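J.: As a plain string of letters, each chain reads:
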Amino acid sequence: MSEPRRWSPARLLAFVVLAAWGALFWFMLLGGRSSLYLSNRTRWLVPTGAILLTLAALGRLASARTAVPRPANRSDGRVAALMLVPVVVLFALPPATLGAYAASRRSVTSGGGVSAADISSGAITYFDIASALGNREAMQALTNREGEQIVLEGFVTNQEGDATGEFFLTRFLITCCVADATATEVRVVDAPPGGFPDNQWVRVTGAMYPVGADVLIDAASVETIPRPADPYLSG
Amino acid sequence: MTVRSDDLTAPAVGRRSVVLVIVLLAGLAIALRLAEPERVPWLQNFFIVFGSLLIEALPFVLIGAFASAAIEVFVPATAFASIAKLPRPLQLPCAAVAGMAFPVCECGSVPVARRLAQRGLAPGAAVTFMLAAPILNPIVIASTVIAYRGRDTFWVMVLGRMALGFVVAVAVGWVAGARNAGDLLRPNPDDQDEDEDEDEPRWQRFTGHLGTDFLFMAKFLLLGATVSAAIQTVLPQTLVTHVASLPVVNLLAMMGLAFVLSLCSESDAFVAASFTQFGPSAQLAFLVSGPMLDMKLGALYAGTYSKGFLRTVLFAVVAVTLAGTLWISVVWG
Numbered sequence: 001m002s003e004p005r006r007w008s009p010a011r012l013l014a015f016v017v018l019a020a021w022g023a024l025f026w027f028m029l030l031g032g033r034s035s036l037y038l039s040n041r042t043r044w045l046v047p048t049g050a051i052l053l054t055l056a057a058l059g060r061l062a063s064a065r066t067a068v069p070r071p072a073n074r075s076d077g078r079v080a081a082l083m084l085v086p087v088v089v090l091f092a093l094p095p096a097t098l099g100a101y102a103a104s105r106r107s108v109t110s111g112g113g114v115s116a117a118d119i120s121s122g123a124i125t126y127f128d129i130a131s132a133l134g135n136r137e138a139m140q141a142l143t144n145r146e147g148e149q150i151v152l153e154g155f156v157t158n159q160e161g162d163a164t165g166e167f168f169l170t171r172f173l174i175t176c177c178v179a180d181a182t183a184t185e186v187r188v189v190d191a192p193p194g195g196f197p198d199n200q201w202v203r204v205t206g207a208m209y210p211v212g213a214d215v216l217i218d219a220a221s222v223e224t225i226p227r228p229a230d231p232y233l234s235g
Numbered sequence: 236m237t238v239r240s241d242d243l244t245a246p247a248v249g250r251r252s253v254v255l256v257i258v259l260l261a262g263l264a265i266a267l268r269l270a271e272p273e274r275v276p277w278l279q280n281f282f283i284v285f286g287s288l289l290i291e292a293l294p295f296v297l298i299g300a301f302a303s304a305a306i307e308v309f310v311p312a313t314a315f316a317s318i319a320k321l322p323r324p325l326q327l328p329c330a331a332v333a334g335m336a337f338p339v340c341e342c343g344s345v346p347v348a349r350r351l352a353q354r355g356l357a358p359g360a361a362v363t364f365m366l367a368a369p370i371l372n373p374i375v376i377a378s379t380v381i382a383y384r385g386r387d388t389f390w391v392m393v394l395g396r397m398a399l400g401f402v403v404a405v406a407v408g409w410v411a412g413a414r415n416a417g418d419l420l421r422p423n424p425d426d427q428d429e430d431e432d433e434d435e436p437r438w439q440r441f442t443g444h445l446g447t448d449f450l451f452m453a454k455f456l457l458l459g460a461t462v463s464a465a466i467q468t469v470l471p472q473t474l475v476t477h478v479a480s481l482p483v484v485n486l487l488a489m490m491g492l493a494f495v496l497s498l499c500s501e502s503d504a505f506v507a508a509s510f511t512q513f514g515p516s517a518q519l520a521f522l523v524s525g526p527m528l529d530m531k532l533g534a535l536y537a538g539t540y541s542k543g544f545l546r547t548v549l550f551a552v553v554a555v556t557l558a559g560t561l562w563i564s565v566v567w568g
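Heads up: the protein sequence lines correspond to chains A and B, in order.
Residue 1 is where the first sequence starts when you use this note's numbering, and the numbers rise one by one after that.
Residue 236 is where the second sequence starts when you use this note's numbering, and the numbers rise one by one after that.
These are computed hints drawn from the structure, not numbers from a lab.
Be a bit skeptical, because a hint or two may be false.
Stated by the list, open to error - FRET-style restraints, in silico, Cβ to Cβ:
no.	chain 1	residue 1	chain 2	residue 2	range
1	A	203	B	278	27 to 35 Å
2	B	480	A	203	36 to 44 Å
3	B	491	A	163	19 to 27 Å
4	B	480	A	190	35 to 43 Å
5	B	473	A	165	47 to 55 Å
6	B	546	A	144	38 to 46 Å
7	B	546	A	227	43 to 51 Å
8	B	394	A	203	42 to 50 Å
Said to hold, decoys possible - To list a few chain B residues with every Cβ distance to chain A over 10 Å, as calculated:
no.	residue
9	321
10	420
11	480
Since this is a predicted model, take the numbers as computed values, not measurements.
For every residue, glycine included, the Cβ atom is placed at its ideal position computed from N, Cα and C.
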């Protein structure tokens, strides 16, 4: 080592960006926000990302003193600033999920991962219904159990032309992340009067009737609930 | 390594701009808290989709950057030179099959392919590997199986996706491979500026390449995620269903949809399966072209490869996918 080692501004800048993203991933993990963005299958990415980003940041910091330091130029600065914007946005954003607005523009679920055999026994879940939409065998298995009492949790979407006491109960099915969400809608009839606003999370109890390609619930009770910890159905 | 002359003249980031950026970022955070985005549904929708695309794709890019930095620092360059001696008709299918063993989404395979080409693998083989890995890897095949289970079109979709993915990857590798690596790759300015001295221990060089590769890829990913989230927010997905019955147009429409949605190849089968108005050929067009060509990949390619490459990939992927799916539509509808 002939030359003395000094801090390299370019490397320090890279460290700041990596550390900020690492902090964001730890925040997602420890703050329980992974379920707002990723499905069960891909949730391992959050701890993995947190650890790898931390390692990468520490590595960059540990090697930030060098014999030939390079100043951070404007282009480095612009990239770093740009990369920090999403970090700030995702830190500041209050926890939120897709709602009625997205339900009106996304495609509708057609088949989840549950087989017809699984549907024929046990309590009927929202995921069973998502699997039955668009899959004939699964729908047949569901039809064999028509009239059974079921309990479903989802949020309300009101569509034009709905009669009083009717709304759609909606839940999004995601496979990897929210970007691939498809809407699973169940028509609820005989809901208590007064109406429920869009995006209100509710628990509906009632008798289930498959009608053609749709599923209908004759509501015995509709109660408002807070948003569940796992707002998306994971495929 | 010598420092390029324009680095000496390029103005360094001043203290004032650092303070300005910090103030602007703090302002953004406060504005977001005060504005209550839940009152503006489209804005909230945009942020959620944008965030989820980034949170899912960034770790994959990082894993790719780890693999890429490891190749650079730990694998001797001669290893790839010996593969490059194989005749080209043999290299490309081998590269496509090698993709099977690399279970990451498309975002992770881009930095690895770039590094492989830099290290002396034939550029065509690197491109074939990059395009094949996101379609042929076991996780993607498994998710396609689950998405189409119990349908009449099950075998057409699963085998069709694998076969057509293989053919398109090899064909595009063949076309793109006519150039040499120097013409194909766009230089990463940070690679040259990297104030690396060869005396540094290996782990330091590793962290250096890791950091630059990640930042290099991540800024293009950021661009792709922004545009894709905006389009997902504005454009109703049901818009394309009007053209479902028009031949050829339906194939192009589904390719266009795959392009703008920028889905991960591990999940796109579930979205494709939801377009029940479209026949298997149009759904295959979506499933084969999407993992090779979409908004976020377009941004990654534009940053990684020379200008002509994006155009070559665009035309080659669309042409070969169209030809393949047309044949399938003749046989299966």
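J.: Confirm or reject each hint.
T.: Evaluation of the provided hints:
1. 203/A <-> 278/B: 27 to 35 Å: holds, 29 Å
2. 480/B <-> 203/A: 36 to 44 Å: Taking Cβ atoms as reference, residue 480/B and residue 203/A lie about 41 Å apart, which means the hint holds.
3. 491/B <-> 163/A: 19 to 27 Å: Hint violated: Cβ distance 38 Å, outside 19 to 27 Å.
4. 480/B <-> 190/A: 35 to 43 Å: Distance hint for residue 480/B, residue 190/A holds at roughly 38 Å.
5. 473/B <-> 165/A: 47 to 55 Å: Hint violated: Cβ distance 27 Å, outside 47 to 55 Å.
6. 546/B <-> 144/A: 38 to 46 Å: Between residue 546/B and residue 144/A, where Cβ atoms are some 55 Å apart, the hint is violated.
7. 546/B <-> 227/A: 43 to 51 Å: holds, 46 Å
8. 394/B <-> 203/A: 42 to 50 Å: holds, 43 Å
9. 321: Holds, because the least Cβ-Cβ distance between residue 321/B and chain A comes to about 34 Å, which exceeds 10 Å.
10. 420: holds, 19 Å
11. 480: With a cut-off of 10 Å, residue 480/B remains clear of chain A, as the shortest Cβ separation is near 17 Å.
Taken one by one, the earlier hints fail for this structure at numbers 3, 5, 6, listed in ascending order.
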